[in-house]
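If you read the protein sequences in the order shown, they are chains A and B.
Everything in the first sequence is counted per the working numbering, starting at 389 for the first residue and increasing by one.
Everything in the second sequence is counted per the working numbering, starting at 9 for the first residue and increasing by one.
These are computed hints drawn from the structure, not numbers from a lab.
Hints should not be assumed to be uniformly reliable.
Below 30 Å or equal to it, Euclidean Cα-Cα: the simulated DSS-like pairs (lysine-lysine) are [what the hints assert, rightly or not]:
id: 1; chain 1: B; residue 1: Lys176; chain 2: A; residue 2: Lys554
id: 2; chain 1: B; residue 1: Lys75; chain 2: A; residue 2: Lys421
id: 3; chain 1: B; residue 1: Lys280; chain 2: A; residue 2: Lys530
id: 4; chain 1: B; residue 1: Lys51; chain 2: A; residue 2: Lys421
Here's a subset of chain B near chain A, in silico, CB distances under 10 Å, partners left out [claimed, not checked]:
id: 5; residue: Lys90
id: 6; residue: Phe94
id: 7; residue: Arg97
id: 8; residue: Gly98
id: 9; residue: Phe100
id: 10; residue: Ala101
id: 11; residue: Glu102
id: 12; residue: Ser105
id: 13; residue: Asn108
id: 14; residue: Arg122
id: 15; residue: Tyr126
id: 16; residue: Thr152
id: 17; residue: Phe213
id: 18; residue: Thr274
Glycine residues also receive a C-beta, built at the ideal position from the N, C-alpha and C atoms.
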Amino acid sequence: MRNIIFLGILSIFLSLFSSGCFKDSVAAGSKYKIPIVNHDLSYIPYDAKVDQADFVICDSTDFRSGRNGIQYIGGSNKLREDINSNFVSNKKYETFNGYVVIRFLVNCEGKSGRYRTQSLNLDFSPVKAPSDLLTYSTQLIKSLDTWEKHSLNDSRMEFSKFINLKFNNGQIQHILL
Amino acid sequence: MARFNTFYYKVFCFMFFISGYHLNSLSAQGNCLVFPENSGERKACELSYLAVEESQGSKESQALFDKAIQIGPNYAWAYYEKSVPFFKRGMFAEGVSLINKAIELEPQNYLFYRAYWYFYQRSYEFCIQDLEQLYSVHQPSYVTTPGGELEMRLLLAMAYAQSGNVSKGIDWILHLMDKYKDQPQLKGFYDHFCLGVLYYKNNQFDLAESELEKQLIVDDTFADTYHYLGLIKEKQAEKKIAEGYFKQAMARMNKEHQGHSINLFTEFNVNKEDVEKVLLNQLK
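Given only the sequences and the hints, what does the whole structure look like? Please build it.
Structure (structure tokens):
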């Protein structure tokens with residue numbers, strides 16, 4: 389009797405177990421692109437089409453990406469002020485509601501380079517930005533090239549940084565650092 | 009009788025174990041032994057554990073996650089963990105593609121993480137969409153931001169408030185507060201502060217003051233609480249008391265009395281410049 393009760397309970401739970409715990413062994417759908425990156429994610433590899441060949445990288449395996457590793461001279465509020473005051477709105481941008489994300493490196497010499505820019509919808513899916521918004525935004529960030537490393541010990545360290553501009557009807561609504 | 013009890017004790021232990029097996033929290037972070045030996049999931053789980061031992065975002069860590077995903081494509085935690093360094097480096101398209109896959113496999117465990125990034129990148133509508141789904145469909149009892157600072161319902165509430173529906177935000181926090189009646193140990197460090205700020209935004213100043221006073225009992229070193237109390241007193245034309253609060257806020261911004269401030273609240277954050285500005289206005 390004891391064994392029957394035990395086996396009964398066991399079979400009920402195993403039936404639940406087989407239907408709910410493990411998913412069918414199907415391959416990951418191609419619906420979602422799985423990014424494969426063959427380098428440290430903080431590093432941005434050289435691209436002869438867009439990058440300056442003389443931008444020095446001391447160690448591509450030792451890039452830091454923390455928010456506070458490098459700072460804009462004058463601080464975050466000054467950076468926001470400088471972006472806002474230098475951004476000239478354009479009628480062609482008015483349809484854009486989403487993000488322009490600019491990534492770049494600051495090398496061991498303290499210089500910035502390897503700029504990469506991408507435009508995204510508000511759900512982070514890639515989208516084509518209107519007109520020259522991407523190049524314009526990149527040039528704007530490049531022009532504010534005054535970065536300092538957080539401490540003297542960091543002087544030879546290399547960093548990656550990103551600035552996310554959130555647009556609402558073609559106007560910068562938020563500068564996210 | 010003793011034998012009978014021992015038998016049922018064993019049965020209940022077994023039921024408890026199996027019930028735990030059905031909780032996705034187990035598969036979320038990976039007790040690899042719950043997966044059958046030699047299965048793709050078991051191998052993916054083991055590889056993912058090796059991956060998180062490497063430096064986050066390193067080539068080695070990413071390679072291990074890639075291998076895990078290849079071997080066990082239905083093991084959600086690998087996609088989630090692989091997504092983290094992409095998000096942190098501003099590679100949002102790649103990060104969201106990975107977390108979308110994790111959510112497809114286990115929405116109950118990973119919706120919070122996508123919502124977290126939507127919230128802090130000010131995509132409030134998408135944050136609301138994810139968290140409404142999380143709480144209406146999956147009904148988790150307690151989920152926090154990845155750093156554990158805020159319960160996710162506080163983010164949902166603030167997202168509603170930022171989208172113009174402050175009352176709905178207040179309702180969500182009150183709903184959360186109800187849970188604390190039975191489980192007071194779960195109350196977070198900034199819950200009263202969030203509710204106080206939302207009441208303030210909703211022009212319910214007495215309720216706002218009451219919540220912020222409660223926040224001071226939880227923590228009297230947080231500068232932002234004093235700032236909002238000052239704003240309330242300013243609205244109530246109690247200039248002298250307001251000034252006192254702003255001075256207290258500034259002292260804590262300057263790290264006096266072990267003071268601190270923290271940027272967890274997007275547009276509800278207070279920074280030193282905000283306090284300086286109101287203090288200057290007081291002098292006029």
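Minimum Cβ distance from B:Phe100 to chain A below 10 Å? holds, 4 Å
The hint names B:Phe213 as touching chain A; please verify it with the least Cβ-Cβ distance against 10 Å. With Cβ-Cβ at 28 Å, over 10 Å, it is violated.
Quick check on B:Arg97 please, does its C-beta sit within 10 Å of some C-beta on chain A? Result: holds, 5 Å to nearest chain A Cβ.
For the hint on B:Thr274, does the least C-beta distance to chain A fall short of 10 Å? holds, 9 Å
If you draw a straight line from the CA of B:Lys75 to the CA of A:Lys421, is it 30 Å or shorter? holds, 15 Å
Minimum beta-carbon distance criterion (10 Å), B:Lys90 to chain A: Interface hint status for B:Lys90: holds (8 Å vs cutoff 10 Å).
What's the verdict on B:Lys176 and A:Lys554, does the C-alpha distance respect the 30 Å limit or exceed it? Status holds; Cα separation ~25 Å.
Given pair status - A:Lys530, B:Lys280, alpha carbons within 30 Å: Satisfied, since the Cα-Cα distance of roughly 28 Å is no more than 30 Å.
Grab the minimum C-beta distance from B:Arg122 to chain A and call the hint holds if it beats 10 Å, violated otherwise. Interface hint status for B:Arg122: holds (9 Å vs cutoff 10 Å).
Quick check on the hint: B:Phe94 CB to chain A CB, less than 10 Å? holds, 7 Å
B:Ser105 was flagged as interface toward chain A. Is the shortest Cβ-Cβ separation under 10 Å? Because about 5 Å separates B:Ser105 from the closest Cβ in chain A, which is inside the 10 Å limit, the hint holds.
Would the stated hint for B:Ala101 survive a check requiring a Cβ distance to chain A of less than 10 Å? holds, 5 Å
Violated hints, listed in ascending order, are 16 and 17; each of the other numbered hints is respected by the structure.
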